[in-house]
Structures are given as structure tokens and as C-alpha cells.
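Student: Sequence:
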Amino acid sequence: MSEIRVNYSGLVSFATGIVGIFTGLIFTLVVTRSLTSLEFGTWNIINNFFAYVVILEPIVSIWVTREISRRTPSGFTALITSGLLSSLGILIYLLVVYLIGSNTDADVDILTWGVLLIPLNFIMRTLSAINLSYKPQFVSYGLLVHGIVQIPAIIYFMFYLDMGVIGIILSTLVAYISNIFVQTYLGRSQLKNHFSLTYVKKWFKLSWIAAFPAIHSFLSLLDITIFTILTESVIGLAFWGASFAVATIIAQAGNISKAVYPKLLNNDNTEYLKDNFTLLLYFAIPLTLLSICFSKPLLFALNPEYMIAYPVLIFTSIFVLFNTLNTTFYSILLGTEKVDLDKHIIFSSYVKSKLFSLPLILIVQNAIYILVFTVILFYLISLDYSQIDLVMYWSIIALVTLFPFTIYFIIRLRKTVSFKIDSFRIIKFLLIGLFSFGSISLLSEYYLQYDEILFNFMPELIKFVSLSIVIYYILTLITDKQTRSLTKNILNEFKH
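Taking numbering that gives the first Met the number 0, the leading residue of the sequence shown gets 0, the next gets one more, and so forth.
Be aware that one or more of the hints could be misleading.
As the list claims (entries may be wrong) - Distance condition first, Cα-Cα at most 27 Å in a straight line; then the derived DSS-like pairs of lysine-lysine:
hint : residue 1 : residue 2
1    : Lys295    : Lys204
2    : Lys200    : Lys337
3    : Lys419    : Lys204
To be verified - Beta-carbon label-pair distances, calculated as ranges:
hint : residue 1 : residue 2 : range
4    : Ser381    : Asp274    : 48 to 54 Å
5    : Arg413    : Ser438    : 32 to 38 Å
6    : Phe180    : Leu442    : 21 to 27 Å
7    : Met457    : Ile79     : 40 to 46 Å
8    : Ile387    : Lys351    : 54 to 60 Å
9    : Thr71     : Tyr271    : 20 to 26 Å
10   : Ile409    : Leu98     : 52 to 58 Å
11   : Ser484    : Leu379    : 22 to 28 Å
These are calculated hints, taken from the structure and not from any lab test.
Predicted model only: the values in this text are computed from it and were never measured.
Where a beta carbon is used, it is the ideal one built from N, C-alpha and C, also for glycine.
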């Protein structure tokens, strides 16, 4: 809706995302310190199989976000439809476990437990789509509670009951329920309408539009499946999963632009995009440098045996940065598309629209990535490369095949909307970040003691990381007028 405050919602999302980084870090530390490499690899393959299923959910959510942004009351219908659709997802998940899981060294019985998460995940995603178009910050509040609740749950199931991977599934289940409760309560005004088959018929009639991007999602999931099948092991997934567990913190910066999509759906004004994008990079740059400069100690904290994967983390950090930018550009371009406002629109008009062309670009990108990845992986396996070497090449391939499409999105964005990049400020943030994080990471090489006892190591690591962040903030505060203005505005929000 037009009253959505983009930067405000973005900052709320980012702030709750930062809290989520800490809760996620605790969750990840409990998991990686409690599981063997085989068990952690099993958890990663459950996530992969799970992702095959949730690609069905956008059949509902892709439309409900656009409709509620334009004041069409389809929230309750979307929630019910999503719950019913999840039953099909359960069948697909069990089929994938049977066809693929049984051919790996993972425990099939444990993989089957993942089916418990499917219906709740569908409902949670649909609620997020509803609230995103109404009050984007409500999605952030749900995620905040999700992360906080997950901590005592994982400690209870892992430490007290020693349930291993099943304990992770159950703690995630509890977190999903808490997220659903919060989002349902906050967004209840959008769920008071009646169930309407009219909306359902429309969604399924246009399901091919939602299914088309699902091809991209399907392709993006094949890398883990292909790696598992060709290597016949999930050990390499442990290194891959550990690296992404750290690099994912960078994606939190994307929350700054979360409200841009629903804002554009109802308002053609794009003057705020330049400042919003610069604000995104203000946070994304230090998070990326944090992940790169402290790659060794961060992986050591997860589990000392993962420290060898620090080159993987460097490449995956850059990959996550570019992927976050691509996701933001994609949302902006999609938000400018108005073709679905015409109730009598014909098939050819949809095909010519961004609802079709943008997913097509992602499909091409992922098809190239999967093809190159499969050929090179097959060749490297024939040369008897180690698991860690295979994962390192994997991260390089992912980055190299993604970067050209970042350039493409930038070019297309500048042709579509009035979008300018504040190069001077961005370069300034980058230089300050390199100094802040680079210098402190060099000091950590000499003074940080790698103690395998986590409670001895983490406080020392936090000191170095915190010092880097403080230096970055102080230097940007001194040299950047907009940063000072942002700080003042945040303080004023707290006062009110």
C-alpha cells in the first residue's frame, strides 16, 4: 500500500535480522558442535529436499502479495488454499526421499521426519506474503520470535534429550508455530474476509506464471542433489553448509529493501530507490568483509574441522552479496510490472511482461550454472579430488556463473526506472570497510587464540569482530552526512 514506509520497514527488518544473526549463530553453533559431519550433511540434504517442495507455495503467495497491496481482500482464502496445497507437498517430499535419499549414506528414517515441517512452512510463507503487502515489519517480528524461540528449543532437544537431527527438526517445528502465531495475530485484519473460490480459480488458472519461476527454484536446488549423487556422500555438504551458515548473514542486508516491492505495486514513485540501495550497501559491505576477513575463526567457532573450508567461505560470501543484489533488483523490476491490473489480459500479454521475462533470465542463469557445475564436478571426481577441493571449486563456479547476471540486472534496471547508483558513497563505504575489518583481522592473526573450548574462544572472537564494526561505524559517521542523519532518525524513532 502507498503508506508503506520503505526505509522504516527496511531498518526494522534489518534490525530484527541482526538479532536473527545472533540467534541463528547460537542455533548453528549448537548444531555444528553437537553433530558429526555425516549428521550435519543429513540436515543439509533435508533442507535441500524441503526446498523442492516449497516451490509449490508461490502459486498462492505470488498473487496474494500483489492483490493485498492493491486492496483486494484475498488473505483468508490464500491461507486456507496454502494449507490444502501443502498436502501435495508432503507427497512430493516423501517421493524425493525415496528416490534420492535412499541412494546416499544418510539415514532415510531421519530424512522422513522432515515431512512434519511442510504444512507449517507453507502457512508461514503465505502469512509472510500477506503481511509483506500490508505491514512489511510484521514479517520481521515473526522472524524475530522465530529465532528467539528456536534457541531454548534446540538446547532442550539437542543437549537434554540428545535427539540429533530429529531434535533440529522438532526445534524448527516449534519455531514455525511461534512465527505463525505472531504473524496471524499482527495481520489478523487481513484474514477477516471470507473464503472465495473466485480467487482460487484465478490463482490456479494463472498457476503457470507461478510455476514458471519454480523452474528456476528447481534448477537452483539441483547442485546439492547432483553433488550428493555423484560423490555418494553428504560429507561435502557439511563444508558447504557450514560456509553458507556464515555467509548467509550478508543476506540480512537485503531486508533494507524488503518493502520496495509492495510499495512499487501501488505507487509509481521511485525517487527513494537511490537512497534505499545505498543504505542496503552500507550494511552489506561490512557484513561481507566480516565474513571474508574472519573466515577462519568463524568456521573454527562452528567446528574446528570446518576451518579448512575458509577459501569456500570467501567465495560464498561474495556469491551471497551478488545474489542479494540480484534479488533486490529482481523485486524492483517485478514491482514495476502492472500487466495483472487488466482483468481481461490475454496470454500473450503475460508472456511479454516482466512476470515471464524476469524468471526466464533466472532460469537461463541457473541452467548455465548447473550445466557447468555438473561437467566440472564429474571431471574432478574422475581425478579423485578430495571433498573439500570439490566444494571449493563448487563455490567458484557458483560465483562466476552468477556475476554476469548481476551486471545484466543493473543495466536493465537503469533502463526501466529512474535508478542511479551513488558511486562516491559506496566506494567510500568499501574503503572504510577494508580498513576497519582488514586491519583488525590482521591483528587477530597474532593475538586470537584458537581454543577448542567454545566458551573460551567466542568471547575473544566477539571482541575483534565488535571492534571492526565500531571502527566502521565511527568512520562512516564522521565522513558521511547521510549516516549522521540516519542515526538521528533512528534515535528519534526510539524516543517516540
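Student: It remains to establish, for every hint, whether it holds in the given structure.
Tutor: Consistency of the hints with the structure:
1. Lys295 / Lys204: violated (50 Å)
2. Lys200 / Lys337: The hint holds at about 20 Å.
3. Lys419 / Lys204: violated (38 Å)
4. Ser381 / Asp274: 48 to 54 Å: holds (51 Å)
5. Arg413 / Ser438: 32 to 38 Å: With Cβ atoms ~35 Å apart, the hint holds.
6. Phe180 / Leu442: 21 to 27 Å: violated (45 Å)
7. Met457 / Ile79: 40 to 46 Å: holds (45 Å)
8. Ile387 / Lys351: 54 to 60 Å: Once the Cβ atoms are compared, 46 Å apart, the range 54 to 60 Å for Lys351 and Ile387 is violated.
9. Thr71 / Tyr271: 20 to 26 Å: Hint holds: Cβ distance 25 Å, inside 20 to 26 Å.
10. Ile409 / Leu98: 52 to 58 Å: violated (40 Å)
11. Ser484 / Leu379: 22 to 28 Å: With a Cβ separation near 51 Å, Ser484 and Leu379 fall outside 22 to 28 Å, so the hint is violated.
Taken one by one, the earlier hints fail for this structure at numbers 1, 3, 6, 8, 10, 11, listed in ascending order.
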